[in-house]
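Student: Chains as they are written, first to last, in our numbering: chain A, 18 to 168; chain B, 12 to 135.
Please note: incorrect hints may appear among the correct ones.
Just so you have them, the derived chain B footprint on chain A, three or more residues with Cβ under 8 Å [to be verified]:
| # | segment |
| --- | --- |
| 1 | 80 to 94 |
| 2 | 102 to 110 |
Computed cross-link-like contacts, PhoX-like style, restricted to lysine-lysine with a CA-CA straight-line distance of at most 25 Å [claimed, not checked]:
| # | chain 1 | residue 1 | chain 2 | residue 2 |
| --- | --- | --- | --- | --- |
| 3 | A | K19 | B | K100 |
| 4 | A | K35 | A | K84 |
| 5 | A | K118 | B | K35 |
| 6 | B | K79 | A | K92 |
| 7 | B | K79 | B | K127 |
| 8 | B | K100 | A | K35 |
| 9 | B | K100 | A | K118 |
| 10 | A | K84 | B | K28 |
| 11 | A | K35 | B | K79 |
| 12 | A | K35 | A | K21 |
| 13 | A | K21 | B | K79 |
| 14 | B | K100 | A | K92 |
| 15 | B | K35 | A | K35 |
| 16 | A | K92 | A | K118 |
From the derived model, a few chain B residues whose C-beta atoms are all more than 10 Å from chain A [unchecked claim]:
| # | residue |
| --- | --- |
| 17 | S20 |
| 18 | M23 |
| 19 | R25 |
| 20 | L41 |
| 21 | M68 |
| 22 | P84 |
| 23 | T89 |
| 24 | S96 |
| 25 | K117 |
| 26 | K127 |
| 27 | Q130 |
Hints listed in this document are in silico derivations from the structure and should not be mistaken for laboratory results.
Don't be surprised by glycine CBs; every beta carbon is placed ideally from N, CA and C.
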Amino acid sequence: MKAKYVNPFLAASMTLFKDFLDLDITAGKPFVLEDKYRLDDVSALIGLAGETTGAVVLSFSHDTALKVVSRVEGKNYQFLGAEVLDGVGELVNIIAGNAKKDLTDFRISISLPGVITGNNYQIRWPSGIPVICIPFESEIGRFTVNVSLRE
Amino acid sequence: MKILIVDDSGVMRRIHKNTLLEQKIPESALLEAEDGMRALEMSRKQVIDLFLVDWNMPNLDGLSFVRKIRSQPEYAETPIIMITSEAAKYNVMEAIQAGVTNYVVKPIRGNVLWEKISQYISVR
């Protein structure tokens with residue numbers, strides 16, 4: 018996948034986590050996710066459709082998911098309940114929606130977000146397209162933004 | 012004064028609601044709907060003075076809601092602020108053509124959102 022299709026997701030993630038949530042965050046070098054099904058405990062996904070197809074998955078550990086949604090709402094969530102899952106879904110929605118601004122080659126519509134938890138699930142990625150993983154390190158833990166977009 | 016917050020995310024509804032409560036908007040003025048369909052029902056039962064509407068929602072999305080509510084004469088001029096993650100220019104244009112009064116891209120800080128909202132309400 019060309020960098021011009023990955024960078025909008027990287028930029029949208031930085032805006033959300035660094036500028037808006039004031040997290041001390043560093044983005045690692047994006048890489049091809051060889052095992053497309055190896056994600057963390059909590060994954061929020063959104064489908065991309067329209068002039069191209071694709072998917073975006075934001076994946077956190079259990080603890081990082083609690084901490085990030087606590088940060089969003091100014092609360093202190095201790096359990097992975099419906100409110101936290103709702104918050105995680107909203108985060109991937111913001112990343113995908115914001116990334117569209119810079120994906121000017123296509124007119125894209127985004128799906129409603131879905132959130133999956135556990136350690137034994139599979140995302141149905143679009144077939145035949147690599148998944149690019151953007152790793153992030155932050156003061157509340159590591160997380161990844163995973164993007165697959167048909168060029 | 013009635014403000015209807017339309018968003019399928021409970022987290023976002025609470026954040027918007029808290030922004031308004033911090034500005035001394037009485038809780039009794041704040042109504043919530045989880046999608047456009049519910050918002051249409053609520054706006055038939057009582058007069059809404061300001062709508063805060065998300066775009067991506069189940070059942071009836073924000074854009075369809077705006078088109079439907081604008082087709083009702085009593086809501087032809089009511090302020091509608093769309094608060095959405097949809098940041099593409101074509102989305103903004105589509106929403107304006109549908110009849111939104113203002114368009115705000117999430118994430119947005121509470122004080123910035125309030126600056127937008129306060130243009131359309133008289134603070135008591």
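Student: It remains to establish, for every hint, whether it holds in the given structure.
Tutor: Hint by hint, here is what the structure shows:
Given a C-beta distance limit of less than 8 Å, the hint that chain B covers the segment 80 to 94 of chain A holds, as 3 residues qualify and 3 suffice. As drawn, the segment 102 to 110 of chain A meets chain B at 5 residues by the rule of a beta-carbon pair under 8 Å; at three or more, the given contact holds. The hinted pair formed by K19 of chain A and K100 of chain B meets the criterion: a straight-line CA distance of about 22 Å does not exceed 25 Å. Of the supplied pair hints, the one linking K35 of chain A and K84 of chain A holds, its CA atoms being roughly 14 Å apart against a limit of 25 Å.
At roughly 34 Å between alpha-carbon atoms, K118 of chain A and K35 of chain B are farther apart than 25 Å, so this suggested pair is violated. Between K79 of chain B and K92 of chain A, the direct Cα distance comes to roughly 36 Å. Violation of the 25 Å bound is thereby established for this hinted pair. Between the alpha carbons of K79 of chain B and K127 of chain B the distance comes to roughly 23 Å, so the proposed pair stays at or under 25 Å and holds. As the CA atoms of K100 of chain B and K35 of chain A are separated by approximately 24 Å, the hinted pair is consistent with the 25 Å bound.
This hinted pair checks out: K100 of chain B and K118 of chain A have alpha carbons roughly 7 Å apart, not beyond 25 Å. Taken as a hint, the K84 of chain A and K28 of chain B pair is honoured in the structure, with Cα atoms around 22 Å apart against an allowance of 25 Å. A C-alpha spacing of about 38 Å is found between K35 of chain A and K79 of chain B, which places the hinted pair above 25 Å, so the restraint is violated. For the suggested pair K35 of chain A and K21 of chain A, the alpha carbons sit about 21 Å apart, so the restraint of at most 25 Å is met.
A C-alpha spacing of about 37 Å is found between K21 of chain A and K79 of chain B, which places the hinted pair above 25 Å, so the restraint is violated. About 34 Å separates the Cα atoms of K100 of chain B and K92 of chain A, which puts this hinted pair outside 25 Å; it is violated. The straight-line distance between the Cα atoms of K35 of chain B and K35 of chain A is roughly 29 Å, outside the 25 Å bound, and the hint therefore fails. Straight-line distance between C-alpha atoms of K92 of chain A and K118 of chain A comes to about 30 Å, which puts the hinted pair past the 25 Å bound.
With a minimum CB-CB distance of about 5 Å to chain A, S20 of chain B fails to clear the 10 Å threshold, and the non-interface call is violated. Chain A draws M23 of chain B into its interface by the beta-carbon criterion, the shortest separation being 6 Å against a cut-off of 10 Å. Distance check on R25 of chain B: its Cβ comes as close as 7 Å (rounded) to a Cβ of chain A, failing to clear the 10 Å threshold; non-interface status is violated. Taking the minimum C-beta to C-beta distance to chain A, about 17 Å, the non-interface status of L41 of chain B holds against the 10 Å cut.
Against chain A, the non-interface label of M68 of chain B is violated: not every CB pair exceeds 10 Å, the least being about 8 Å. Under the 10 Å C-beta cut-off, the non-interface status given to P84 of chain B relative to chain A holds; the minimum distance is some 31 Å. Consistency note on T89 of chain B: stated as away from chain A, and its beta-carbon is indeed over 10 Å from all of that chain's, at 25 Å minimum. For S96 of chain B, the requirement that its beta carbon stay farther than 10 Å from each beta carbon of chain A is not met, with the minimum near 3 Å.
With a least CB separation of 5 Å from chain A, K117 of chain B falls inside the 10 Å interface cut-off, contrary to its annotation. Every Cβ of chain A is farther than 10 Å from the Cβ of K127 of chain B; the closest lies at roughly 16 Å, confirming the non-interface assignment. The Cβ of Q130 of chain B sits about 22 Å from the closest Cβ of chain A, beyond the 10 Å cut-off, so the non-interface label holds.
In this structure, the earlier hints numbered 5, 6, 11, 13, 14, 15, 16, 17, 18, 19, 21, 24, 25 are contradicted, and the remaining ones agree with it.
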